[in-house]
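**Student:** Chain residues, written in single-letter form:
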Amino acid sequence: MSMGYRYDMRWLAGLLLVLALLPPLLGNNYYLTVLTMCCLNAMIAVGLSLLVGHAGQISLGHAGFYGLAAYTTAALSTTLGVPVGLSMLAGVGASAAVAALVGLPALKLKGHYLAMATLGFGVILSILFNETVEITGGPSGFTGIPRLSLFGVEFSSDLSVYYLIVALLGLVVWLSFNILHSRVGRALRALHTSEKAAQAMGIDIARYKLFVFVVSAAFAGLAGVLYAHYLTFIAPASFGFSFSVQLIVMVVLGGMTSVPGSIVGAFFLTVLPEFLRAFENVEIVLFGGILVLCMMYLPDGLAGGFNRLWRLVWRLIYVRADKYRQNRQDRQDRRDRQESQDRQDVQDRLEMLDRQDNMDGKDGGDNG
Amino acid sequence: MDLPSLLQYLITGLTVGATYGLTALGFTIIFNTTGIINFAQGEFVMLGGMMSVFFMRALGLPEPLAIVLAVAGTTLLGALVERLAIRPVRDCPAINLVIITIGVSILIRGAAMLLWGKDTFALPPFSGSAPVSFFGAALMPQTLWVLAISLLILAGLKTFFSRSIHGKAMLACSYDPKAAALVGIGVDRMVLLSFMISALVGAVGGAILAPITLTSFDVGVMLGLKGFAACILGGLGNPFGAAAGGLILGVLESLGAGFISSAYKDALAFVILLVLLFVRPSGLFGRKDGKRV
Numbered sequence: 001m002s003m004g005y006r007y008d009m010r011w012l013a014g015l016l017l018v019l020a021l022l023p024p025l026l027g028n029n030y031y032l033t034v035l036t037m038c039c040l041n042a043m044i045a046v047g048l049s050l051l052v053g054h055a056g057q058i059s060l061g062h063a064g065f066y067g068l069a070a071y072t073t074a075a076l077s078t079t080l081g082v083p084v085g086l087s088m089l090a091g092v093g094a095s096a097a098v099a100a101l102v103g104l105p106a107l108k109l110k111g112h113y114l115a116m117a118t119l120g121f122g123v124i125l126s127i128l129f130n131e132t133v134e135i136t137g138g139p140s141g142f143t144g145i146p147r148l149s150l151f152g153v154e155f156s157s158d159l160s161v162y163y164l165i166v167a168l169l170g171l172v173v174w175l176s177f178n179i180l181h182s183r184v185g186r187a188l189r190a191l192h193t194s195e196k197a198a199q200a201m202g203i204d205i206a207r208y209k210l211f212v213f214v215v216s217a218a219f220a221g222l223a224g225v226l227y228a229h230y231l232t233f234i235a236p237a238s239f240g241f242s243f244s245v246q247l248i249v250m251v252v253l254g255g256m257t258s259v260p261g262s263i264v265g266a267f268f269l270t271v272l273p274e275f276l277r278a279f280e281n282v283e284i285v286l287f288g289g290i291l292v293l294c295m296m297y298l299p300d301g302l303a304g305g306f307n308r309l310w311r312l313v314w315r316l317i318y319v320r321a322d323k324y325r326q327n328r329q330d331r332q333d334r335r336d337r338q339e340s341q342d343r344q345d346v347q348d349r350l351e352m353l354d355r356q357d358n359m360d361g362k363d364g365g366d367n368g
Numbered sequence: 001m002d003l004p005s006l007l008q009y010l011i012t013g014l015t016v017g018a019t020y021g022l023t024a025l026g027f028t029i030i031f032n033t034t035g036i037i038n039f040a041q042g043e044f045v046m047l048g049g050m051m052s053v054f055f056m057r058a059l060g061l062p063e064p065l066a067i068v069l070a071v072a073g074t075t076l077l078g079a080l081v082e083r084l085a086i087r088p089v090r091d092c093p094a095i096n097l098v099i100i101t102i103g104v105s106i107l108i109r110g111a112a113m114l115l116w117g118k119d120t121f122a123l124p125p126f127s128g129s130a131p132v133s134f135f136g137a138a139l140m141p142q143t144l145w146v147l148a149i150s151l152l153i154l155a156g157l158k159t160f161f162s163r164s165i166h167g168k169a170m171l172a173c174s175y176d177p178k179a180a181a182l183v184g185i186g187v188d189r190m191v192l193l194s195f196m197i198s199a200l201v202g203a204v205g206g207a208i209l210a211p212i213t214l215t216s217f218d219v220g221v222m223l224g225l226k227g228f229a230a231c232i233l234g235g236l237g238n239p240f241g242a243a244a245g246g247l248i249l250g251v252l253e254s255l256g257a258g259f260i261s262s263a264y265k266d267a268l269a270f271v272i273l274l275v276l277l278f279v280r281p282s283g284l285f286g287r288k289d290g291k292r293v
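If you read the sequences in order, they're chains A and B. First residue of the first sequence: 1, per our numbering; consecutive thereafter. First residue of the second sequence: 1, per our numbering; consecutive thereafter.
To be clear, the hints were calculated from the coordinates, so they are not data collected in a lab. Glycine residues also receive a C-beta, built at the ideal position from the N, C-alpha and C atoms. Among the clues, some could well be false.
Residues from chain B that face chain A, not an exhaustive set, calculated with beta carbons under 10 Å [said to hold, decoys possible]:
| hint | residue |
| --- | --- |
| 1 | 39 |
| 2 | 60 |
| 3 | 64 |
| 4 | 92 |
| 5 | 109 |
| 6 | 113 |
| 7 | 118 |
| 8 | 222 |
| 9 | 264 |
| 10 | 273 |
| 11 | 276 |
| 12 | 281 |
Counterexamples of contact, computed for chain A against chain B with all Cβ distances above 12 Å [unchecked claim]:
| hint | residue |
| --- | --- |
| 13 | 30 |
| 14 | 81 |
| 15 | 233 |
A partial selection of chain B residues facing chain A, derived with a Cβ cut-off under 10 Å [claimed, not checked]:
| hint | residue |
| --- | --- |
| 16 | 97 |
| 17 | 102 |
| 18 | 114 |
| 19 | 260 |
| 20 | 261 |
| 21 | 266 |
| 22 | 278 |
Chain A with its partners taken away, still in its complex shape (with noise of 0.2 Å):
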């Protein structure tokens, strides 16, 4: 599905540029939050297209990781006064390690083992930051979380922490494109025609898709860590089961192989609940919705979507025009062919007459 690296890498610094000279356009302090949140949000959703799209793996735990590298850095940081960069650090090398330990087993097995064994994985996160207080604070939340520095240098305003964002953002979308366009981008592909045939080639199987999913854990935990520092506040309702479904809706809306279509799919998802807060009850519904009708109908996303009706109008004007000319063409032919016969027909009934007249001729000429 990929279009070449160049062409990637040319979207992607598209993307950055976009993202770098929207905050002044903004001009709200509350817009940039959403903003800092889509990138967040993308940079979860990258990971785990790699795993949905190309993998072909479903991760239903994927707010594990995102919660488990948050609460990891934040007790660090905050209980024991490890230094933020470090922390940071620890906490995206618990979910990548984390991710093995869980995939190792799941992904070992045919089928979809790894949707139900991180499902539950999700669920015991979710319960253990609920459970025990004494460490996470409980349902009320953790608080007091030191904001991001790193190698001395704080990140004292909303505005450098999205800079950062945005290039950690632009830093995980360059790792994922030269993921796709190396050996295990290669080797995916492979597994996608044939995993017979990709296993007869030697592809270990396994061992890719572990890679893969422990590669899109570390970008949840790298998202999750600087959500912890950036908002200072986490709890463990951002972290449950239902914001492991919106990322996948996400990755699905955008188109499952496509990464920038998962960046996309991230942005509208996350914008779209801040104009929907009226119906708040009706948005999961919502999401329910655009998952069934977006796997039946645009399995490729919104992007391919787009595709597929931007071909389509223009096979319609294309071969519109192209009939026409057919017709045309059709006609002038039958016109012509019409009219060869109907020369035709005179010229045999001359002739016809004219041996007639030959024949009376004789006959006559017989009789007389």
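Could you slot chain B onto chain A? The hints should help.
**Tutor:** Below, chain B alone, put in the same frame as chain A:
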């Protein structure tokens, strides 16, 4: 620990486990005919309980009739799900179908929330709530109902799959859909039938459990998850493994809640699930040849 309390945990575990078993059966039936895991299975269980409550409260129907209607309604919904969301895209990759069932489960849950609100409801026990003493443990009449009805369903399914022509046709589909189609079995119809049976079994489980554990629009997630854990425990694809897996899971959970901590009761099922995927992915009663890649 003394015998009565151990017995008490066992009874509670078996009761809840029976529902897990029924949910697991639903997963197994659809998995066998289509090869997909139906994430909406838990919602069928939820609907069995919630619709019973709705028919009793809103329409004032007597309980048995309300339950029969709820089960019938859920079965119909199962058929609708297959017809509207699965059949039109039957030839898509399995991952698409699984995502569709995830979407369907969210839709059903959301619709239930909009219709009936976020409250928790109780269904009255089928025959009073005076406990019977059983070797020192209190045995609720509803427990007997749950166990009896579950056994009845199990026996019914056993007869259906081994005696009736439709049951045998469904088994044939699970072995090899192409071969089944070649000998003249309507595979499409069997898939429809499997969704209906799964919905029916799930709804019965939901209705008989509702008097014991209460019900609300979101019980389906947990029940579905535990049902799936029970499936893996018994060996995915093996109906009787699924039922047994449900009972074992229920008992383990109840003992865990009693002797370790009730706060982590729900986590236990998934710890078991993960451990099992590690050490014995073919389940306790599954064939050894769990398909590895």
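**Student:** Closer than 10 Å between Cβ atoms is the bar; does residue 97 of chain B clear it against chain A? Give me holds or violated.
**Tutor:** Since chain A brings a Cβ to about 8 Å from residue 97 of chain B, closer than 10 Å, the hint holds.
**Student:** Given residue 102 of chain B as an interface hint, is its Cβ closer than 10 Å to any Cβ of chain A?
**Tutor:** 6 Å, holds
**Student:** Given residue 261 of chain B as an interface hint, is its Cβ closer than 10 Å to any Cβ of chain A?
**Tutor:** Holds, because the Cβ-Cβ distance from residue 261 of chain B to chain A comes to roughly 9 Å (cut-off 10 Å).
**Student:** Given a cut of 10 Å on the nearest C-beta pair, is the interface hint for residue 109 of chain B held or broken against chain A?
**Tutor:** 7 Å, holds
**Student:** Min Cβ distance, residue 273 of chain B to chain A: is it shorter than 10 Å?
**Tutor:** At 5 Å from the nearest chain A Cβ, residue 273 of chain B passes the 10 Å test, so the hint holds.
**Student:** Was the hint right that residue 264 of chain B lines chain A, CB cutoff 10 Å?
**Tutor:** For residue 264 of chain B, the interface hint holds, since the closest Cβ of chain A sits about 7 Å away, which is under 10 Å.
**Student:** Going by Cβ atoms only, is residue 39 of chain B closer than 10 Å to chain A?
**Tutor:** Holds: closest Cβ of chain A sits about 8 Å from residue 39 of chain B, inside 10 Å.
**Student:** Taking the closest pair, is the beta carbon of residue 81 of chain A still more than 12 Å from chain B?
**Tutor:** 29 Å, holds
**Student:** Would the hint on residue 278 of chain B stand, with a C-beta cut-off of 10 Å toward chain A?
**Tutor:** This hint holds: residue 278 of chain B lies near chain A, its Cβ roughly 4 Å from the closest one there, short of 10 Å.
**Student:** For the hint on residue 118 of chain B, just tell me whether its beta-carbon gets within less than 10 Å of chain A.
**Tutor:** Constraint on residue 118 of chain B satisfied, holds at 9 Å.
**Student:** Let's test the interface hint: is any C-beta of chain A closer than 10 Å to that of residue 266 of chain B?
**Tutor:** 6 Å, holds
**Student:** Taking the least C-beta to C-beta distance, is residue 114 of chain B closer than 10 Å to chain A?
**Tutor:** 6 Å, holds
The earlier numbered hints that this structure contradicts are 2, 3, 19.
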